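Starting from the known structure of chain A, arrange chain B on it as the hints suggest.
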Amino acid sequence: MEKRIRVLIAKPGLDGHDRGAKVIARALRDAGFEVIYTGLRQTPELITVTALQEDVNVIGLSILSGSHNTIFPKVLRLMKEKDMSNVLLIAGGVIPDSDIPALKAAGVAEIFTPGTPTASIVDFIKANVK
Amino acid sequence: MDIVQELLKGSSLALARAITAIENEYDEAFSMMEKLYPHTGRAHVIGMTGPPGAGKSTLTDKLAKQFRLQGKTVGIVAVDPTSPFSGGAILGDRIRMNELTLDPGVFIRSMGTRGSLGGLALKTSDVVKIMDAAGKDIIFIETVGVGQSEVDIMKTADTTVVVLVPGLGDDIQAIKAGILEIGDIFAINKADRDGVERLNSELNMMFDLNQNEVDWRPPVQQTIASDGTGIDELMTKIEEHIGYLNQSNELVIRRKQRTRNEFLALLEEQISRRVLEKITVSGELDSLVTSLEQRKQDPYTIVFGLLNQYLR
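Top to bottom, those sequences are chains A and B. The working numbering numbers the first residue of the first sequence as 93 and each following residue consecutively. The working numbering numbers the first residue of the second sequence as 892 and each following residue consecutively.
Source of the hints: derived by calculation from the structure; they are not laboratory data. All values reported here derive from a predicted model rather than from experimental measurement. The reader is advised that the hints may include incorrect statements.
A short, non-exhaustive set of chain A residues, derived as facing chain B with CB atoms under 10 Å [to be verified]:
1) ILE97
2) TYR129
3) LEU138
4) LYS166
Label pairs and their computed distance ranges (CB to CB) [to be verified]:
5) GLN961(B) x ARG133(A): 22 to 32 Å
6) LYS166(A) x LYS963(B): 29 to 39 Å
7) SER903(B) x SER159(A): 44 to 54 Å
8) ARG1108(B) x PRO206(A): 51 to 61 Å
9) GLY996(B) x LYS172(A): 21 to 31 Å
10) ASN915(B) x GLY207(A): 33 to 43 Å
11) ASP189(A) x LEU1167(B): 31 to 41 Å
12) GLU173(A) x ASP1123(B): 33 to 43 Å
The C-beta atom is built at its ideal place from N, Cα and C for all residues, glycine as well.
Bound-form chain A, shown alone (with noise of 0.2 Å):
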């Protein structure tokens, strides 16, 4: 039986630009993931029970806030609490180039800026799915 790659979606904190994060998913469902998509408003608690409960392989957040430097620490340390350093942990939105470094340091995958196209997506995933 061929097993699919679950991806969650989410977009944490008060942002309310979701068009990316939709265009992602649908990009994803395209490529044959599970796409567990649960919209605006997540915050770090919920997104680590979500992501337990699905057992998603990826975790995929949609910042345009600017809250990418607090979202992040909160997210992984509930993802190491939950025991889910399987899961790989990525992003996208409006992240500066400057915070890149620190936020890969810290355990997201990978960054991707606007203009990515979907397809590096998909394969960042397919190469990184543990």
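For chain B alone, kept in the frame of chain A given last:
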């Protein structure tokens, strides 16, 4: 991690992994199901079905919260269609159930239909069994009633709630016949819209015509899930149905039928899979199809020949 041990002790992580194991049919999945099976049969399973956009997820969210107030634990399986072209799916039912996610007494799992040839009802039933073994008192199965396999999924439920919305044009005709027949309770959601009375009459006329030897006449409850109208009443009707099933022995009868059907479905699926494996791996399938195209043999001769060969 010993998934079975941890699951029986209440670990959500183990429950999640167990569901994944059976969905993907990992090698260890089958011995896992063997160990979990004796722990099943306790939960009351409620099916929520109806056309897309009727409000099933919102209603499930509200009903689950009511059961939680009674101190019951809840499992929810939300099934969404998988694209037959890409094999992918967007599973978005959880959006309506955000608050429940943080309730430790609730476990929600989204499933795609994965294009499984008739195996969807089996998979869903397995996921229900796993949640049952994990100790959930009430398990909701939520799915759109469009295809035969979605109708079959509802047979896994003890109580089936069909959620309709008024004003869908030719209301009753628009709804798949199978769904109407298996409904134990009907909810007319978004009951603040036009067409409620008409839908209500149509449903009741249908039940009037259908009074065979059935003791339970499906009640029709109007709801507005988004603001909670009618939820208490719907809960009452669900509880009445649960009471009816227990008092009348109907529950025992239904579950026996279900056990029998599920077993036969599994047997059928595994047998056909074994034979299919044999002829695909060897490349025999292609030459058989060619032979059929060229009218050298007919399908019945080929099939019976294969059965003789592989099923002696």
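Lying within 29 to 39 Å: is that true of the beta-carbon distance LYS166(A) to LYS963(B)?
holds (32 Å)
Quiz item: Against chain B, with CB atoms and a cut of 10 Å, does the hint on LEU138(A) hold up?
Solution: Because about 6 Å separates LEU138(A) from the closest Cβ in chain B, which is inside the 10 Å limit, the hint holds.
Measuring from beta carbon to beta carbon, are GLU173(A) and ASP1123(B) in 33 to 43 Å?
-> Cβ of GLU173(A) to Cβ of ASP1123(B): about 38 Å, so the range 33 to 43 Å holds.
message: Given a hint of 44 to 54 Å, does the C-beta separation of SER903(B) and SER159(A) actually sit inside it?
response: violated (27 Å)
(Q) TYR129(A) was flagged as interface toward chain B. Is the shortest Cβ-Cβ separation under 10 Å? (A) holds (5 Å)
**Satisfaction of the hinted span 31 to 41 Å by the C-beta atoms belonging to ASP189(A) and LEU1167(B)** = For LEU1167(B) against ASP189(A), whose Cβ atoms are near 52 Å apart, the range 31 to 41 Å is violated.
TODO: With chain B as the partner, please determine if ILE97(A) meets the hint condition of a C-beta pair closer than 10 Å.
DONE: holds (9 Å)
Practice prompt. Could you say whether the range 33 to 43 Å given as a hint is met by the Cβ separation of ASN915(B) and GLY207(A)?
Written response: holds (35 Å)
Check the following: the C-beta atoms of GLY996(B) and LYS172(A) are separated by a distance inside 21 to 31 Å. Distance hint for GLY996(B), LYS172(A) holds at roughly 25 Å.
query: Does the hinted range 51 to 61 Å hold for ARG1108(B) and PRO206(A) at CB?
result: holds (58 Å)
Interface hint status, LYS166(A) versus chain B (Cβ within 10 Å) | Constraint on LYS166(A) not satisfied, violated at 15 Å.
Worksheet entry | Assessment of proposed distance window 22 to 32 Å (beta carbons of GLN961(B), ARG133(A)) | holds (28 Å)
Hint compliance for this structure: hints 4, 7 and 11 are not met, and every other hint is.
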